[in-house]
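Trainee: Sequence:
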Amino acid sequence: MNKKTDLNESPLTRVIDDVSEGINDAGTVFSIEEDPAEKEGNGKQAVRYLLWGLLSVVVNFGTFFILYHALHLNYQFANIVAWFLGVQVGFWIDRIIVFRHKSNTAFKEMLAFYGTRILTFLIESATLWVGISLLSANGTGSKVVGQILAIVGNYILSKFFIFKNKK
Numbered sequence: 001m002n003k004k005t006d007l008n009e010s011p012l013t014r015v016i017d018d019v020s021e022g023i024n025d026a027g028t029v030f031s032i033e034e035d036p037a038e039k040e041g042n043g044k045q046a047v048r049y050l051l052w053g054l055l056s057v058v059v060n061f062g063t064f065f066i067l068y069h070a071l072h073l074n075y076q077f078a079n080i081v082a083w084f085l086g087v088q089v090g091f092w093i094d095r096i097i098v099f100r101h102k103s104n105t106a107f108k109e110m111l112a113f114y115g116t117r118i119l120t121f122l123i124e125s126a127t128l129w130v131g132i133s134l135l136s137a138n139g140t141g142s143k144v145v146g147q148i149l150a151i152v153g154n155y156i157l158s159k160f161f162i163f164k165n166k167k
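Heads up: the sequence shown begins at 1 in the UniProt record's numbering, then just goes up one per residue.
It is worth saying that the hints were derived from the structure and are not from the lab. It cannot be assumed that every hint is accurate.
To be verified - Using C-beta positions, here's what the derived DEER-type ranges look like:
#, residue 1, residue 2, range
1, Leu-134, Thr-105, 39 to 45 Å
2, Arg-14, Tyr-114, 40 to 46 Å
3, Gln-88, Val-144, 17 to 23 Å
4, Tyr-114, Leu-51, 18 to 24 Å
5, Ser-136, Lys-164, 37 to 43 Å
6, His-72, Leu-119, 26 to 32 Å
7, Ile-156, Thr-105, 17 to 23 Å
8, Ala-126, Lys-44, 18 to 24 Å
9, Leu-149, Leu-71, 22 to 28 Å
10, Thr-140, Asn-104, 37 to 43 Å
11, Lys-102, Ala-46, 17 to 23 Å
Glycine included, C-beta positions come from ideal geometry on N, C-alpha and C.
Given the sequences, and given the hints that come with them, work out the whole structure.
Mentor: So, in structure tokens, the structure goes:
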């Protein structure tokens, strides 16, 4: 640990210096040598995407259900809020668990992730509009159809554009 013997140094400063030194001595947590995502097939990633992606779908559907059915808010407003929360959950799940992506550019990737999700959001919104406004269909059924279209598009865009590991 820190071997400083300054008598004017406060105990708090010594603790902070000792902790900082210990953190610096610990090194990196993640090994950069191997990328486990590169060793596995696309099938395993797709299964992880579907299984873990259910969490973002639950957030999306749960928010939509509460806002649209329970609070009787406008379906497009409910869908925007549900989409935003679902995308935020989805970004971190995809980045950390599904694609096991490691980089120092999380904010840049998040912006790109939101950018691609806008396209699938527009597809989902159009599906809701056609289902609810034009066909007078059930809101939940229309949401399911829109989500299926969005999930397929989101996987393709995430895998090949957002979390593509660069060699």
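Trainee: Taking the CB of Thr-140 and the CB of Asn-104, does the distance hold inside 37 to 43 Å?
Mentor: 41 Å, holds
Trainee: Between Leu-149 and Leu-71, does the C-beta distance stay in 22 to 28 Å?
Mentor: With Cβ atoms ~26 Å apart, the hint holds.
Trainee: Is it true that the C-beta distance of Arg-14 to Tyr-114 lies inside 40 to 46 Å, as the hint says?
Mentor: Holds: the Cβ-Cβ distance is about 44 Å, inside 40 to 46 Å.
Trainee: CB of Tyr-114 to CB of Leu-51, is that within 18 to 24 Å?
Mentor: Check passed, 23 Å falls within 18 to 24 Å.
Trainee: Holds or violated: 17 to 23 Å for the Cβ distance of Gln-88 and Val-144?
Mentor: 21 Å, holds
Trainee: Okay, Ser-136 versus Lys-164 on CB: inside 37 to 43 Å?
Mentor: Check passed, 42 Å falls within 37 to 43 Å.
Trainee: Is it true that Ala-126 and Lys-44 lie within 18 to 24 Å of each other by Cβ?
Mentor: Because 32 Å falls outside the window, the suggested range is violated.
Trainee: Quick check: does the Cβ-Cβ distance between Ile-156 and Thr-105 fall within 17 to 23 Å?
Mentor: 21 Å, holds
Trainee: Tell me if the beta carbons of Leu-134 and Thr-105 are separated by a distance inside 39 to 45 Å.
Mentor: With Cβ atoms ~41 Å apart, the hint holds.
Trainee: Using the beta carbons of His-72 and Leu-119, state whether their distance is inside 26 to 32 Å or not.
Mentor: 29 Å, holds
Trainee: When you take the CB atoms of Lys-102 and Ala-46, is the distance between them in 17 to 23 Å?
Mentor: Distance hint for Lys-102, Ala-46 holds at roughly 20 Å.
This entry does not satisfy hint 8, going by the numbered hints stated previously; all others are met.
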